[in-house]
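Student: What follows is each chain in one-letter form.
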Amino acid sequence: MATRQGQALGRLALAPSVAVLAIWAFVPLALAIYYAFLHYNLQDPDNTFYAGWSNFYYFVTDPFFARDLVNTIALVVLILVITVVGGVLLALLLDRPFWGRGIVRVLIISPFFIMPTVSALVWKNLMMHPVYGLLAQVWRDFGLKPLDWFASIPLFSVGIVVGWQWLPFATLILLTAMQSLDEEQKEASQLDGADPISYFFYIVLPHLSRAITVVILIETIFLLNVFAEIKVTSVGGFAGNLTYLVFSQLNDANDVGAAAAGGLIAVVLANIVAMFLVRLIGRNLEA
Amino acid sequence: MARRTTLRQKSLTTILAWAIGLAIFFPILWTAMAAFKSEANAYTMPQDWWSTPWTLENFSIVQERSNYLRYVFNTTVISIASTLLGLAIAVPAAWSMAFQPEERATVSWPGYVWLIIILGSFAAAGAIAYSVGWGMADRPLLGLALILLFGVPITAWVWTRRTGDTLLWMLSTKMMPPAGALIPIYLIFNRNGLIFKDWGPIDLREWNLIDTFTGMIPLMMLLNLPIIIWMLYTYFKEIPYEILEAARMDGAGLFKELWNVLAPMAVPGIASTILLNVILAWNEAFWTLNLTNKYAAPLSFFISEYSSPEGQFWAKLSAASLMAIAPIMVLGWFSQKQLVRGLTFGAVK
Numbered sequence: 029m030a031t032r033q034g035q036a037l038g039r040l041a042l043a044p045s046v047a048v049l050a051i052w053a054f055v056p057l058a059l060a061i062y063y064a065f066l067h068y069n070l071q072d073p074d075n076t077f078y079a080g081w082s083n084f085y086y087f088v089t090d091p092f093f094a095r096d097l098v099n100t101i102a103l104v105v106l107i108l109v110i111t112v113v114g115g116v117l118l119a120l121l122l123d124r125p126f127w128g129r130g131i132v133r134v135l136i137i138s139p140f141f142i143m144p145t146v147s148a149l150v151w152k153n154l155m156m157h158p159v160y161g162l163l164a165q166v167w168r169d170f171g172l173k174p175l176d177w178f179a180s181i182p183l184f185s186v187g188i189v190v191g192w193q194w195l196p197f198a199t200l201i202l203l204t205a206m207q208s209l210d211e212e213q214k215e216a217s218q219l220d221g222a223d224p225i226s227y228f229f230y231i232v233l234p235h236l237s238r239a240i241t242v243v244i245l246i247e248t249i250f251l252l253n254v255f256a257e258i259k260v261t262s263v264g265g266f267a268g269n270l271t272y273l274v275f276s277q278l279n280d281a282n283d284v285g286a287a288a289a290g291g292l293i294a295v296v297l298a299n300i301v302a303m304f305l306v307r308l309i310g311r312n313l314e315a
Numbered sequence: 000m001a002r003r004t005t006l007r008q009k010s011l012t013t014i015l016a017w018a019i020g021l022a023i024f025f026p027i028l029w030t031a032m033a034a035f036k037s038e039a040n041a042y043t044m045p046q047d048w049w050s051t052p053w054t055l056e057n058f059s060i061v062q063e064r065s066n067y068l069r070y071v072f073n074t075t076v077i078s079i080a081s082t083l084l085g086l087a088i089a090v091p092a093a094w095s096m097a098f099q100p101e102e103r104a105t106v107s108w109p110g111y112v113w114l115i116i117i118l119g120s121f122a123a124a125g126a127i128a129y130s131v132g133w134g135m136a137d138r139p140l141l142g143l144a145l146i147l148l149f150g151v152p153i154t155a156w157v158w159t160r161r162t163g164d165t166l167l168w169m170l171s172t173k174m175m176p177p178a179g180a181l182i183p184i185y186l187i188f189n190r191n192g193l194i195f196k197d198w199g200p201i202d203l204r205e206w207n208l209i210d211t212f213t214g215m216i217p218l219m220m221l222l223n224l225p226i227i228i229w230m231l232y233t234y235f236k237e238i239p240y241e242i243l244e245a246a247r248m249d250g251a252g253l254f255k256e257l258w259n260v261l262a263p264m265a266v267p268g269i270a271s272t273i274l275l276n277v278i279l280a281w282n283e284a285f286w287t288l289n290l291t292n293k294y295a296a297p298l299s300f301f302i303s304e305y306s307s308p309e310g311q312f313w314a315k316l317s318a319a320s321l322m323a324i325a326p327i328m329v330l331g332w333f334s335q336k337q338l339v340r341g342l343t344f345g346a347v348k
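Chains as they are written, first to last, in this note's numbering: chain A, 29 to 315; chain B, 0 to 348.
Among the hints, erroneous ones may be present.
[Said to hold, decoys possible] Stretches of chain B that chain A covers, calculated by requiring three or more beta carbons in the stretch to come under 8 Å of a beta carbon on chain A: (1) 41 to 53; (2) 152 to 160; (3) 293 to 302; (4) 329 to 343.
Think of the hints as simulated: they come from the structure by calculation, not from any bench.
Ideal placement from N, C-alpha and C gives every residue a C-beta, glycine not left out.
Starting from the given sequences, assemble the full structure and let the hints guide the process.
Tutor: The structure is reproduced here in structure tokens:
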């Protein structure tokens, strides 16, 4: 096994990463806790004093907080529904043999590599514009009144844009999981005369359940932080999430204390999800 | 039974799959087409998408008006430099965890002792800060000492865990929401930050990392470091240990073992890691929108500038977007496998 010399070198080699990540993880956290108890406005930096819990009280009783908390959760749930349901269906489809599989796969995963600001603006303007957008034209073709997506249903529209970006991620993971489905199990179920629907519900879905859990947890962690799409489509004022609210506390109100308090609330929220994910990953590391 | 699929079934699947694939890809295709239309024709695309003339003018106008290439340069520098910097730190760490793992914690204190130490140091730091009136503006050294009091015990705990737990902790730093770190990082970057005053011998009033490469590159490195370490670790794990043992039997020293045996086998894994992390850094849009505005601003920031005059410059927006996404999308097509590996942290095999 490992030599003594190697073991010592190993500890040394690990040190920079641990140190750098510890600084990254704990210094901002310590400062955030400090600022959260401080009355500190960038407009008036000289009038800075200990504020007790008032920043938390102020942030939580802000009428925007309740709305944005609901928005945050609604957005995550909406996108999860889009990506998980869509991802399972797409994975089922891509798992079947057809001509041009490689190309279709490439087409489907492409949205994941589009930078968030581009996809937000392309969807807002070229696709969802109430007059010149492609969807407006489709609506007119069907004799309907075009929808002003980002004005009338902003949260849903953001959900579609972000869902479009994350659908490839879910599809790819579920497809990977699908391909590990035992070929013999497939054949056995067909010999037993299982129809496609019960085959899906009794064989495929249980097999995918673990991958679905992983998709849900990882996406939730990233989706709690949706920001660029909300900012560049300028819907933050009526359909912002918690991340956006923290940003606007800093950017518009210049209130460092309240923003830090809000940031800590976001940390707690994310940690609840992260705890489940870390357990799941940890169990897999052992195996 | 895949082999007995009828031709009819296969044709139907083909049609359906292509229809869905094209539908999902459509916004990108639409952007690519609008990029080659004149500004006026970009608005009438839904009706006259094919009949209106094609043009290349948007690309030159975007470059002329806003020095587009500068943003390309910034993005390239930030994403590649941060990835390489991360690699320099992560390769030794991944090697250490894959080949010299600690089977058990190096300090075998029971959990409750650690818990008391860590919570106690938190409480002590808080109590000291509270007792001096919470203000740290004129007490930078005390502030630093309190951060150490806060951070050192918990870092020591992380540092002495067995390898599996250290790795998990590293991954968990990727799960920290940026909203939580935004305020401290913004204030550390910005000279307006409370701690960056004129404190005696060192005057930090002119300190500024906002919109600089010196700020963005290390920050981007930190954002992706957990993923870099994790990916390298999984690739290194796949290198069979017997090869190292064979090299040792043949009398290879540690250096020879690293350089002549391990390094060549690690190259493909390192290349894949670079690929995925350049993509992730290229597309990052939370910190770039918050911490850059001109000199070190990458493409994600540049594109966001098109949001202000609502719907005025579609053709230019499309041209700029196309150039920003095309190279990275092509890279992305080659990184499908790495994507699953890098972003699921091994939870799906």
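Student: If a hint holds in the structure, say so; if it does not, say that too.
Tutor: Hints and how they fare:
1. 41 to 53: holds (count 5)
2. 152 to 160: holds (count 4)
3. 293 to 302: Answer holds; 4 residues pass the 8 Å Cβ test.
4. 329 to 343: Since three or more residues must qualify, the claim that chain A covers the segment 329 to 343 of chain B holds, with 8 doing so at under 8 Å.
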